[in-house]
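Please model the entire structure based on the sequences and the hints provided.
Heads up: the protein sequence lines correspond to chains A and B, in order. Note that the first sequence ends on residue 249 in the working numbering; no numbers are left out. Note that the second sequence ends on residue 89 in the working numbering; no numbers are left out.
These aren't lab readings, by the way, just hints derived from the structure by calculation. None of the values given here were measured: they were computed from a predicted structure. We put the beta carbon where it would ideally sit given N, CA and C, even for glycine. Among the hints, erroneous ones may be present.
Where chain B lies over chain A, by a calculated footprint (3+ residues, C-beta under 8 Å) [to be verified]: (1) 58–71; (2) 143–156; (3) 160–168; (4) 218–226.
With a straight-line cut-off of 27 Å between C-alpha atoms, the simulated DSSO-like cross-links for lysine-lysine are [as the list claims (entries may be wrong)]: (5) B:Lys85 with A:Lys57; (6) B:Lys62 with A:Lys127; (7) A:Lys124 with B:Lys85.
Between beta-carbon pairs, the in silico distance windows are [what the hints assert, rightly or not]: (8) B:Pro69 with A:Ser151: 37 to 47 Å; (9) A:Ser151 with B:Arg50: 16 to 26 Å; (10) A:Asn160 with B:Lys36: 18 to 28 Å; (11) B:Arg79 with A:Pro209: 26 to 36 Å.
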Amino acid sequence: MPPDPAAESPAGLAASDPKVTFEALLEPVLDGAFGTALRFTRNRADAEDLVQDAALLACRGFGTFDRGSNFKAWFFRILTNCFYSKYRKKKRQGTEMELEDTPELYLYFQTESIGLHSRTENPATLLMGRLATEQVEEAIAALPDEYRIVATLYFIEDFSYQEIAQVVGVPVGTIRSRLHRSRRMLQKALWVIAEERGIVSALTEGTGDGE
Amino acid sequence: MHPPNRFTCEEVFARLDDYLDRELTAEEMLLVKQHLTLCAACAGEYRFEAGVLEGVREKLRRLAIPIDLMERISARIAEERKGKSG
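Right, here's the structure in full:
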């Protein structure tokens, strides 16, 4: 990755400044790292351990960090590698949703089929408004590992394709197709959860708050 | 071969994900945008997809972070440094 001489951490510290310590660079990205670790591991205790392990590894390897480059992407790379090597569970947890072959515009057509498009100009907003944070988290958690990882990096951290590719260690083209697929799978997971929780029937009957 | 003056619905549909992510070239971004101003069907699909992404982002932001996480990490780092120099 080409070094950016003006590279700054979110706190406005210049990573290229040799006086800036590892901890000073770590602190502003830690909240995001924890949130990411939580979606990776799907378990709070593991998430805390993962972040701490990654921080320790990163600190030990700080001498190899190119001070002109993106600290956040570098640290998240270590976090992701640590997840894969130590925290990834071999066995699939939770419900086994059939998400693999979800077609494009999945939710668009599902919401159309229950008449939402004729009721409102913003059927997506209507549906998403009925979902609780916990339910969206559940949908993310339902994605298989590789897809959950890119979706998390994309949604939570607003990384670009390029940065995600750097963090995950695969080509940008792979990230692009994996991310597109993960969003389709996420749409299906959201719908399955919305059906299970009675949200779809409530919307079909037109009950609840007016939009 | 000359670049197209306008995109068709099929061409826009094939690029919808990249358009949402702002990962097209500047020229293609413009061609998609132009089509969306002219085509209600494609515009509706785009608006829907963008609405889902926005809704997901919004719900995922809020999270309870352990308040002493940075302290614990600093302590572990300090321990390790002490161990090295000791």
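Here is how each hint holds up against the structure:
Check on the stretch 58–71 of chain A: 6 of its residues sit with their Cβ under 8 Å from a Cβ of chain B, so the three-residue criterion for coverage holds. A stretch counts as covered by a chain when three or more of its residues have a beta carbon under 8 Å from one of that chain; for the stretch 143–156 of chain A and chain B the count is 5, and the coverage holds. A count of 7 residues in the stretch 160–168 of chain A with a Cβ less than 8 Å from any Cβ of chain B is obtained; the coverage claim is therefore met, three being the minimum. Note: the stretch 218–226 of chain A has 4 residues with beta-carbon separation from chain B under 8 Å; the three-residue rule is met and the coverage holds.
With a C-alpha separation of about 20 Å, the suggested pair lysine 85 of chain B and lysine 57 of chain A falls inside the 27 Å cut-off, and the hint holds. Proposed proximity of lysine 62 of chain B and lysine 127 of chain A is supported: the alpha carbons are some 26 Å apart, at most 27 Å. For a cut-off of 27 Å, the pair hint linking lysine 124 of chain A to lysine 85 of chain B stands: about 26 Å separates their Cα positions. The supplied range of 37 to 47 Å is met by proline 69 of chain B and serine 151 of chain A, whose beta-carbon atoms lie about 43 Å from each other.
Checked against the given bound of 16 to 26 Å, the beta carbons of serine 151 of chain A and arginine 50 of chain B, roughly 18 Å apart, stay inside it. Taking the beta carbon of each, asparagine 160 of chain A and lysine 36 of chain B are about 20 Å apart, inside 18 to 28 Å as hinted. Under the hint 26 to 36 Å, the C-beta atoms of arginine 79 of chain B and proline 209 of chain A, about 35 Å apart, fit the expected range.
Consistency with the previously given hints is maintained throughout, with no hint failing.
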